[in-house]
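Residue numbers (the numbering used here), protein chains in the order written: chain V, 170 to 284; chain S, 191 to 307.
Just so you know, the hints here were simulated from the structure itself, not pulled from any lab data.
Beta carbons are placed, not taken as given, at the ideal position from N, Cα and C, and that holds for glycine.
Any given hint could turn out to be false.
Covered stretches of chain V (chain S as the covering partner; in silico rule of three or more C-beta atoms under 8 Å from a C-beta of chain S) [unchecked claim]:
#1 208-215
#2 219-228
#3 275-283
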Amino acid sequence: NAGVTQTPKFQVLKTGQSMTLQCAQDMNHEYMSWYRQDPGMGLRLIHYSVGAGITDQGEVPNGYNVSRSTTEDFPLRLLSAAPSQTSVYFCASSSFSGGALGELFFGEGSRLTVL
Amino acid sequence: AQTVTQSQPEMSVQEAETVTLSCTYDTSESNYYLFWYKQPPSRQMILVIRQEAYKQQNATENRFSVNFQKAAKSFSLKISDSQLGDTAMYFCAFRATLNTNAGKSTFGDGTTLTVKP
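Take these sequences, add in the hints, and give me the full structure.
Structure follows, in structure tokens:
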């Protein structure tokens, strides 16, 4: 019963490098999303998807890219890493059935440091 | 845009006692969802309790209960018989419906709760 799996759990990048955070869920959830959590703050929405082939921007999308080619996977790409992107990143998914939304199921988080 | 405010950055409680965490939110919508999530030092986000706005009855889950005041836009969490394992950061979250705002979630800044032995 894996739930939401994020990789890697830790990553150190240099300014300007690119990387992809992987997220996969095995619960057949239509809704997937990426958040970042900075110290002393709550989670802020980066991008989200309501189904395969559909993505949209959240509150803080700049510098990030996503795609949703399958129901299971929702990778987050950092195009050119900046120190301001140092944060903990969470992938989350939820179901929606008949218009009713379920709670978010979270991955374990990925700590990214940009030097 | 919705906002969620948790006015208590830190709280502490003695083991076995009761504590209440506050949360207020702002929205113009009539239907939505409210959640409390717990984040222990392990960093894993765990659902504590959920409330649908159209339900008048307050949700309860074992030692956890909420006081949902829709008109006041208030959603507090009460933890009874506090246990050491309740030590964590607690986040209040508002979630829009799919029709109104694509199911987006907005989180408060969190309350760090310490349960003392």
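Hint-by-hint comparison with the structure:
Check result for the stretch 208-215 of chain V against chain S: holds, 6 residues qualifying (beta carbon to beta carbon below 8 Å, three or more required). Counting residues of the stretch 219-228 of chain V whose beta carbon lies closer than 8 Å to any beta carbon of chain S gives 3, which reaches the threshold of three, so the coverage claim holds. For the stretch 275-283 of chain V, the assignment as covered by chain S holds, since 3 residues bring a beta-carbon within under 8 Å of that chain's beta-carbons and 3 suffice.
In summary, the structure agrees with every hint in the numbered list given earlier.
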